[in-house]
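Here is what each chain is made of, one letter per residue.
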Amino acid sequence: MNKRSLTLFFALGIFLLATSTYSQNCSKTRFCTQESYGDFDYKSQTRSAMLSPGDTVRTNVVVYDDQTTRILVCGDSKLGNIKFKIFETKNENKKYVKRIDVKEEEVEEVMKDEKGNPKKDAFGDVMKDYKKITRNDTIWGIKANSREVEVYDSQNNPTGKNYWQKKETMAKRLVVEAILPEGDDDVVGCVSVYVGFKIESVKDGFK
Amino acid sequence: MNRNFLSSLLLLFVAVIMVTSCGNETTTTTNTDTIVKDTVQDMTMETNTSYRLPSPIELYAFLKNNKAKYDKDILNSVDNLSKYFSVRSKALNFGIYASDLAYSTVFEEPQKTFFYYKAVKQLADEMGLTEGFDQSITKRINDNINNTDSLYRITSDAYFVATSHLEEKGKKDLLNLIIAGGWVESIHIAYNSVGKFSADSKIVKRIVDQRLLLENLVELLRSLPQNAENQALIEKFEDLQVAYMDLDSNANVLITEAQYNKIKQKVQNIRNEFIK
Chain S
1 MNKRSLTLFF ALGIFLLATS TYSQNCSKTR FCTQESYGDF DYKSQTRSAM
51 LSPGDTVRTN VVVYDDQTTR ILVCGDSKLG NIKFKIFETK NENKKYVKRI
101 DVKEEEVEEV MKDEKGNPKK DAFGDVMKDY KKITRNDTIW GIKANSREVE
151 VYDSQNNPTG KNYWQKKETM AKRLVVEAIL PEGDDDVVGC VSVYVGFKIE
201 SVKDGFK
Chain Z
1001 MNRNFLSSLL LLFVAVIMVT SCGNETTTTT NTDTIVKDTV QDMTMETNTS
1051 YRLPSPIELY AFLKNNKAKY DKDILNSVDN LSKYFSVRSK ALNFGIYASD
1101 LAYSTVFEEP QKTFFYYKAV KQLADEMGLT EGFDQSITKR INDNINNTDS
1151 LYRITSDAYF VATSHLEEKG KKDLLNLIIA GGWVESIHIA YNSVGKFSAD
1201 SKIVKRIVDQ RLLLENLVEL LRSLPQNAEN QALIEKFEDL QVAYMDLDSN
1251 ANVLITEAQY NKIKQKVQNI RNEFIK
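Protein sequence lines, in the order shown, are assigned to chains S and Z. The opening position of the first sequence corresponds to residue 1 in the numbering used here, with each subsequent residue numbered one higher. The opening position of the second sequence corresponds to residue 1001 in the numbering used here, with each subsequent residue numbered one higher.
If we strip away everything but chain S, and leave its shape as in the complex, we get:
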C-alpha cells in the first residue's frame, strides 16, 4: 500500500469516527451563550438533532402554569442563523367507535329461593351457580384536529432577546418550529431546541 492510500484510510477512519461520535454529542454540547440559558433547567424537554441547511423541525412540548418557561434554539454556527417560531396548539378531539369487542364470560351467581334469600346446601354453605353473559366492550378511537396560533417569531421579536420566556396562566401545548436557512446540503450540524423551566422553590440552583 502506498503513502497516499494510507493517508486516505486514516482520513476515512477519522471521518467515520468524528461523525459517529459527533452525532452522540449533540445533546451534550451547549450552543447558546451562557447568559441565554439563565438559571433554568433544560433537562426535561430539550431536543437535539443533526440537521442540514434548509431543514425545518418541529417539537411539540407541554408547559405548566406554575412555572416560568424559556425556549431558545441554537446550533452549529456553520448552519447559519437559525430562526424559530412558537405556536400554541390545541387539539379538538372527537371520539368514534373503532369497534365493539364481544366477549362471553362465565360469572358466578348466588342461587336464591322464592323469597330472594340465598339458598344454602346441607352444610349451610351458600349455593352458587355459573351463568354465561355477553359483555360488549366499546373500543374508542380518537380523531384529532389541531389548531395552531403563532405566539412568537424570533425574526419579529420586540424584546430583542434570542429567547422566548413566559409564565403561563394555564397549562398549554406549544410547538417550537426551528427553520434553518438554505445552504449547502452536504453540511450537517447539531441543532438544539432548549425548553427550560424554573420553579421558585424545591431546589435552589435549579439548573
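Mixed in with the good hints there might be a few duds.
As the list claims (entries may be wrong) - Straight line, CA to CA, 20 Å or less: simulated SDA-like cross-link-like pairs of lysine to any residue:
(1) 1262(Z) / 140(S)
(2) 1118(Z) / 1074(Z)
(3) 1264(Z) / 140(S)
(4) 1236(Z) / 102(S)
(5) 198(S) / 1148(Z)
(6) 90(S) / 149(S)
(7) 1069(Z) / 1262(Z)
Calculated directly from the structure, the hints in this document are not laboratory data. All of these numbers come straight from a predicted model, not from anything done at the bench.
Once you have looked at the hints, place chain Z on chain S.
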C-alpha cells in the same frame, strides 16, 4: 485496488464501529420507526415533528410545593423486578422505577432513592443501556447519598442523558415505552397525593392538565411498530383520552368527582397491566 488495501479498509471499518458503539447492546429491538398515518385522523403526522413530555420530576416538584406527603407504599415494589422478562416489560417498568426514583429524590428520601436507583440500574443493564446509568453515576449516588441537592442533580442528569442517548441512537421504540411507564407512574402518584377530592385542589387541577401530556404520549406511541401489542397499548391510552374528553361538557366545574374517579380507575388498570 489490491487485496491488502481492501483488508486494511475492512479492518479499519470494523475498528471504528467497535470503538464508537456504546456499551454492550443485548436488546433485539429493531430500529425502524414506522409512522403510520391513521386513515381517520385529520392531522397529518409529519416525520420531522417530535413530541415531548415534561419529565416526572416537574410533577413531583409541584406535588412537594403543594405540601403532598411522600408515600413509599404506593410505589412499584423492587421485589417485582424478577417478573420482568421481555424487553417490553423491562422498558415499561424502567420508566416506572425511574419515576419512583425521581419521586424519592424530590421528596428527599435517600434510602428509597438508593433502592430505586439500583432497580433502574438493573433494568438498564439488562436492556443494554449504559448511558446515564454507568459506574460513574453509581459512584456519584453512593458518594452523595445523604446530600439531597446532589442526588437531585445526579438523577436529573441521568434521566436526561439516558433519554437523549436512546433518541440519538435511534432507539425510540424503547424510549417511548419508557416514557409511557414513567408518565403512568407519575399520574398514579399524583392521584395518591390527593386526600379528599375537591375540584378546586391544585393537585386535582394538575391531574386535569395531564390530558395535554397524554395527547403527546399517544402521538409518541403511534410511532411504535404496528403490531397487536402496540395497538392494544395505544387503545388503552385512547380510552383514557376519551375519559378526559368527558370534561369538555362541564359548564361550571373543571372536573366532577365521578369523572375524576373514572380517570383514576383507568390509570390504575393501565398501571396494573404494566407492573404485573
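Hint check, failures only: When the structure is compared with the hints, only number 7 turns out to be violated.
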